[in-house]
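Model the full assembly from the supplied sequences, consistent with the hints where possible.
Chains as they are written, first to last, in my numbering: chain A, 7 to 83; chain B, 7 to 83.
Don't read these hints as lab results, they were simulated from the structure.
Some hints here could point you the wrong way.
A few chain B residues that don't get close to chain A, going by computed Cβ distances all over 10 Å [as the list claims (entries may be wrong)]:
hint	residue
1	LYS16
2	GLY18
3	ILE19
4	LEU20
5	PRO22
6	VAL27
7	ASN68
8	PRO69
9	ILE71
10	VAL76
Below, a list of computed lysine-lysine pairs in the DSS-like style, where the Cα atoms sit at most 27 Å apart [said to hold, decoys possible]:
hint	chain 1	residue 1	chain 2	residue 2
11	A	LYS16	B	LYS8
12	B	LYS8	A	LYS8
13	A	LYS8	B	LYS16
Partner residues aside, some chain B positions facing chain A, computed with beta carbon under 8 Å [said to hold, decoys possible]:
hint	residue
14	LEU12
15	LEU31
16	LEU34
17	PHE36
18	GLY38
19	ASP41
20	ARG43
21	LEU47
22	ILE48
23	LEU50
24	GLU51
25	VAL52
26	GLU63
27	ARG64
It should be emphasised that the depicted structure is a prediction, and the values quoted were computed from it without experimental measurement.
Beta carbons: idealized from backbone N, C-alpha and C, even for Gly.
There are 2 protein chains.
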Amino acid sequence: MKARVLVRPKAGILDPQGAVVERALPALGFQGVSDVRIGRLIELEVADPARLPEMCERLLANPLIEDYEVLLDGDSP
Amino acid sequence: MKARVLVRPKAGILDPQGAVVERALPALGFQGVSDVRIGRLIELEVADPARLPEMCERLLANPLIEDYEVLLDGDSP
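Right under this line is the structure:
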């Protein structure tokens, strides 16, 4: 089954990559952008989707500083 | 308006990060995982969502090796 995992920095955790993008956009002429947060998009084919949360805890995300969301084929984000 | 940009390696482009995860999962006891691809999830608040494709072309993605998908609040992935 196709699955998608969204990994994002937890609220309150510094996101330096997002901060850089937020500063760079106005310099390129794009105004009115705020709250930029950058995370990871992991797409995979998995035989047993029930084990995805465990995979996230152990490898795909760092649960200390990141939240993850598992979407199975057909879920809305 | 809240927007979400999904950036993923183009089909056929090597994804070393995905390859590493795919090799690591069985070593941790997770079988049956394949086609792991790792991209970026960019979430932002934007005043003019019509300019998002241009932002992707110029800063958020590398159009040579990455595809991007823009989702506005309420879109399905």
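Cut-off 8 Å, beta-carbon criterion: hint that ARG43/B touches chain A: holds, 5 Å
Agreement of hint GLY38/B with chain A interface, Cβ distance less than 8 Å: holds, 3 Å
Interface-negative label, PRO69/B against chain A, beta-carbon threshold 10 Å: holds, 15 Å
Chain A contact restraint on LEU50/B - CB to CB distance below 8 Å: holds, 4 Å
Evaluation of the interface hint that places ASP41/B against chain A, nearest CB under 8 Å: holds, 4 Å
Residue hint ILE48/B, partner chain A, criterion CB-CB below 8 Å: Hint on ILE48/B: holds, closest Cβ of chain A at ~5 Å, below 8 Å.
Non-interface claim for ILE19/B versus chain A (Cβ beyond 10 Å): holds, 14 Å
Assertion that LYS16/B lies outside the chain A interface [Cβ separation over 10 Å]: Check passes; 13 Å lies beyond 10 Å.
Supplied contact hint for LEU34/B, tested at 8 Å Cβ to chain A: Result: holds, 6 Å to nearest chain A Cβ.
Consistency of the no-contact label for VAL76/B, given chain A and a CB cut of 10 Å: holds, 12 Å
LEU20/B non-interfacial with respect to chain A [C-beta, more than 10 Å]: The claim holds: LEU20/B sits with its nearest Cβ about 15 Å from chain A, beyond 10 Å.
When the least beta-carbon distance from LEU47/B to chain A is tested against 8 Å, hint result: holds, 4 Å
The structure does not agree with the numbered hints 6, 26 stated previously, though it agrees with the rest.
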